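First to last, the protein sequences are chains F and C. My numbering numbers the first residue of the first sequence as 1 and each following residue consecutively. My numbering numbers the first residue of the second sequence as 1001 and each following residue consecutively.
Hints listed in this document are in silico derivations from the structure and should not be mistaken for laboratory results. This structure is a prediction, so every number in the text was calculated from the model and none was measured. Take these hints with a grain of salt, some might be off.
To be verified - The list that follows gives simulated cross-link-like pairs (lysine-lysine, DSSO-like), each with its CA atoms no further than 27 angstroms apart:
1) C/K1206 - F/K193
2) C/K1301 - F/K489
3) F/K611 - F/K601
4) F/K418 - F/K520
5) F/K17 - C/K1295
6) F/K19 - C/K1185
7) C/K1206 - F/K216
8) F/K418 - F/K207
9) F/K62 - C/K1206
10) F/K528 - F/K601
11) C/K1301 - F/K216
12) F/K95 - C/K1249
13) F/K64 - C/K1206
14) F/K366 - F/K528
15) C/K1159 - F/K193
16) C/K1249 - F/K19
17) C/K1206 - F/K207
18) F/K17 - C/K1185
19) F/K193 - F/K478
20) F/K202 - F/K62
21) F/K21 - C/K1301
22) F/K45 - C/K1249
23) F/K418 - F/K528
24) F/K64 - F/K216
25) F/K478 - F/K202
26) F/K478 - F/K495
27) F/K601 - F/K489
28) F/K105 - F/K95
29) F/K216 - F/K478
30) F/K489 - F/K202
31) C/K1301 - F/K19
32) F/K99 - C/K1249
33) C/K1295 - F/K21
34) F/K21 - C/K1185
35) F/K17 - C/K1301
36) F/K366 - F/K495
Chain by chain, the residues:
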Amino acid sequence: MRKIGDRLDGYDPGQFKHKFKLLFIIVAAALSLLVMRLWYVQVIKGDELRQRSESNSVRLWKIKPMRGLIMDDGRRVLVDNQPSFDIVLIPNRTKDIRKVIERIKELYTERSLTFPSLSSLPDRVKPFVPVLLERNISMEKLAVVETHALELPGVVTEVTPIRQYLNGEMTAQVIGFTGEVSREELDRSTAGKLSPGDIIGKFGIEKFLDSHLRGKNGAEQIEINVAGKAIRSLGRIPATTGDNVVLTIDSALQEAAWSALGNRAGAVAVLDPRNGAVLALVSSPSFDPNLFTGRISSGDWDNLSNDPRHPMENRSISGQYPPGSTYKIVVAAAALEEGLITPETTLHCNGTFELGDRVFRCWQAKGHGNVNFHRAIVESCDVYFYNLGKMLGVDRIAAYAQAFGLGAPLGIDLNREKGGLIPTKQWKLSHLRQSWQMGETISLAIGQGFNLVTPIQLANAYAALANGGALYRPRLIKQLESYDGHVVKVFEPEKQGVLPVRPRNIQLINQALWGVVNEKGGTGYILKRPEQDVCGKTGTAQVIGLPQDEKMRKAKRVSAAFRDHALFVCFAPYGNPEIVVAVILENAGHGGSVAAPVARKVIDTYFSRKKMMQTQQPAKAQVAAADVRGTPMP
Amino acid sequence: MIKLDRRLILNFDWTLFILVLVIIGIGLLNIYSTGFSLTDLRQTPLYIKQLQWVLIGLVGMALAFFIDYRFLSRHAYIIYGISIVLLLVVFTAGYATRGAQRWIAVGGFTFQPSELVKLTIILALAKYFDHHQTGRVYHLTELFIPFLIVLIPFLFILKQPDLGTGLILLILFLSIVFFVGLDWKSLLIAAAGGLILTPIGWHFLKDYQRERILTFFSPERDPLGSGYHIIQSMIAVGSGGIFGKGFLKGSQTQLKFLPEQQTDFVFSVFAEEWGFLGGIILLIMFLFLILWGLKIMIHSKDYVGAMIALGITMLIFWEVFINIGMVLGILPVVGIPLPFLSYGGSSMVVLMTAVGLLMNISVRRFILQSS
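In isolation and in its complexed conformation, chain F is listed as follows:
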């Protein structure tokens, strides 16, 4: 390498002189071009542009797109759009924003109307960017603002489409709601996708399918004169309407489940076992999504978010409950498959099961006597399953539970789905740093202990039994259509796995589940009907404490929060099932007496309607679909 010194070799300082001329010409020509252009814009066109800038201003109106509709399986519209009147203020047309707001307040108070206290005016008001004062105002207020327009410089009423949730609370957690895009959401979005003021899905299907439902903003450049009047349009791009969504939800079943739950906390998940379509998904208590269409009042918001009953949680996919006796099918399948028992294996139940010095009780204190596999499920004999649990061990039970789709999210078309929990020895060691106790396996065998499942998982596991062993991904979305009815995308059934259980063993379990409802002594016998064969399983899940502790049992009777969860899962008709229903009622008592009637109502609705449909001509439902679009905006 050359040493840095002051003497240089082999360079002719003048060698670039001739190129300097060429560069000079290029640079001078380029800058002259700019000067000429500047002359043209500022001097030749100057007067014209100056006039435009002084007398007229160009305003860019965002044309908001119409959001796609959401329909149920029978193409009944669940969500549509309605015009809403908002009052906005354009800052550059008024001298004192606060004064104008004060004037509106006065006008309102004179007519005993209330003006919502603005949470805050933006810190930085841009002269031409409208500030929203009040959303979705009543006709009365609209009249006040319009008639006093002269006293309210800069105040303008705007018409925007807002969502109307026709089913209200019934489907709130599934469909969700929309809202104005937040600052964080804007920052996270890719360039050009979202702009301030856009309405986007915040929850439920509205959020999950937001990119399809939202459509695309249009824009119009309007020249406005000093008086604030639009003079002419300089260009317009129409908004693109979002796609319509057809759900797999059957409103009649949704309604049946919702009304059967009444005001009680709980969840219902209904599936078509033949393809995984979700026919109903109900969570109670619920909330009114229409509250969110305007700017939700802070009082309403506090009520909703602080409600101890968590109305905004979708219990059917994110409520995690101990499965109770509904879990026995997993243990039964495992014991049969592993060859630990045969259908004829008979065990004696005297009401207790002893392990070391611990005593585990059967729910039937006097015992079931000698029970075989079939009777053990029909009568839900705990002692029989304590024995199976002891034979299987926790990890073998867990392997089967996972094969039934428990312990991990199923991938339903909604955000916030929970996975539940299927404990193993390894799990306890790594999470609680304790080794597994045999006693815990015994509790586990009847669905108590660490086990947690979601209602949709329970429905899905029983659906797999019902259809002969196939596990489908629960689907909520049937298809997407463009606003004019062209099918954009059809969602096909997605088979995710097969139960590791031989058809003969599935058959045995299903027979027993039939017996639960249809045989004397079955825990679900009160549901027996002559019309169709329902198969099901009851469950009663202890909420806290050691299930065998007498004191705790007494305490639970006292305090509602400690009462058992009632569960019931069923499918029908036996032999060729078309519907699976899983019901959980929180702190409600026994599954057979409390949860089963809810399931029964859903099943009855399904079959009575099916019968009706068969007697009628094939319904005209298809025709109605074309003209269900919401009212177009003016």
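Starting from the known structure of chain F, arrange chain C on it as the hints suggest.
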């Protein structure tokens, strides 16, 4: 490496130094004007922030002035390598706004390594051509490595995505290649290759970048986006007329429409307030700055100094031309700042450092002696 030589002071390039300070001063006044009507007390005003950057820029300028450019040139590839690493850091630890990941945060400041790369590729290319002087025009094969030097940061920057900076890198490369000379056959092959690659490159552009180019050819395509910028910008510039609306008087009008008024569209604020006369004076100052840079280039006592001076001068020239051309609606809207006027710390610091290098080359022609 740093020798406080009396000759550094005696032959200091006052013309260049003062010229650049004057342009920077105009820029600060202009940014003051853009923020004049916005009342946001929680944040430091932009002109104060820009002033802080100018002070940092002065430090950069001093360093670049005192360190012998031949020392910098000797380590040009290492400096280049560091800047590439910083570009990579943007992807892993970078800070994104509105979908583009261009910034890294250092302390309370954010920095765009892509601005730094503009200077480091000049150093790297200057070193390469210095070491591979042929005394004749170059063949295409001989340009493979310098092309690679530009291509690597170009691809990273395109990925951020930042079309404007990527474009500047390519134009800088082409300027230098044309300057050192290319034989006719190679020129034809390169032109043909460029024509073939254009549709492929089009395929890799982001939707919004394609939209901008299409919008340039017909602004009404996109009244919401860049077409709107162009129309608003033209109204602002045009309404300035011959004498302008006067300092602080233009800010009440159209420009509040422009989201980029402090950065890429800052010239429209200037032209609105100072009119055609102000515009001419600013352009003459830039012309003078560029000619001064070219003068330093031809008077450099060594090849590498001449190449660095050329690269820096061309960088300033192209940024001025493309930015003002864009504001005046004769070039498409691409994100390229106006040197010394646009708000933005990285660009300011890098350009001031570059000017320090120019002064460095300028003064050392009195120190170095040819054999």
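Tested hints:
no., hint, result
1, C/K1206 - F/K193, "holds (12 angstroms)"
2, C/K1301 - F/K489, "violated (70 angstroms)"
3, F/K611 - F/K601, "holds (15 angstroms)"
4, F/K418 - F/K520, "violated (37 angstroms)"
5, F/K17 - C/K1295, "holds (9 angstroms)"
6, F/K19 - C/K1185, "holds (21 angstroms)"
7, C/K1206 - F/K216, "holds (18 angstroms)"
8, F/K418 - F/K207, "holds (17 angstroms)"
9, F/K62 - C/K1206, "holds (23 angstroms)"
10, F/K528 - F/K601, "holds (13 angstroms)"
11, C/K1301 - F/K216, "violated (60 angstroms)"
12, F/K95 - C/K1249, "holds (18 angstroms)"
13, F/K64 - C/K1206, "holds (24 angstroms)"
14, F/K366 - F/K528, "holds (25 angstroms)"
15, C/K1159 - F/K193, "holds (18 angstroms)"
16, C/K1249 - F/K19, "violated (44 angstroms)"
17, C/K1206 - F/K207, "holds (25 angstroms)"
18, F/K17 - C/K1185, "holds (25 angstroms)"
19, F/K193 - F/K478, "holds (26 angstroms)"
20, F/K202 - F/K62, "holds (21 angstroms)"
21, F/K21 - C/K1301, "holds (19 angstroms)"
22, F/K45 - C/K1249, "holds (20 angstroms)"
23, F/K418 - F/K528, "violated (33 angstroms)"
24, F/K64 - F/K216, "holds (8 angstroms)"
25, F/K478 - F/K202, "holds (21 angstroms)"
26, F/K478 - F/K495, "holds (15 angstroms)"
27, F/K601 - F/K489, "violated (33 angstroms)"
28, F/K105 - F/K95, "holds (17 angstroms)"
29, F/K216 - F/K478, "holds (23 angstroms)"
30, F/K489 - F/K202, "holds (23 angstroms)"
31, C/K1301 - F/K19, "holds (16 angstroms)"
32, F/K99 - C/K1249, "holds (26 angstroms)"
33, C/K1295 - F/K21, "holds (11 angstroms)"
34, F/K21 - C/K1185, "holds (24 angstroms)"
35, F/K17 - C/K1301, "holds (13 angstroms)"
36, F/K366 - F/K495, "violated (44 angstroms)"
Figure legend: structure checked against the earlier numbered hints; hints not met, in rising order: 2, 4, 11, 16, 23, 27, 36.
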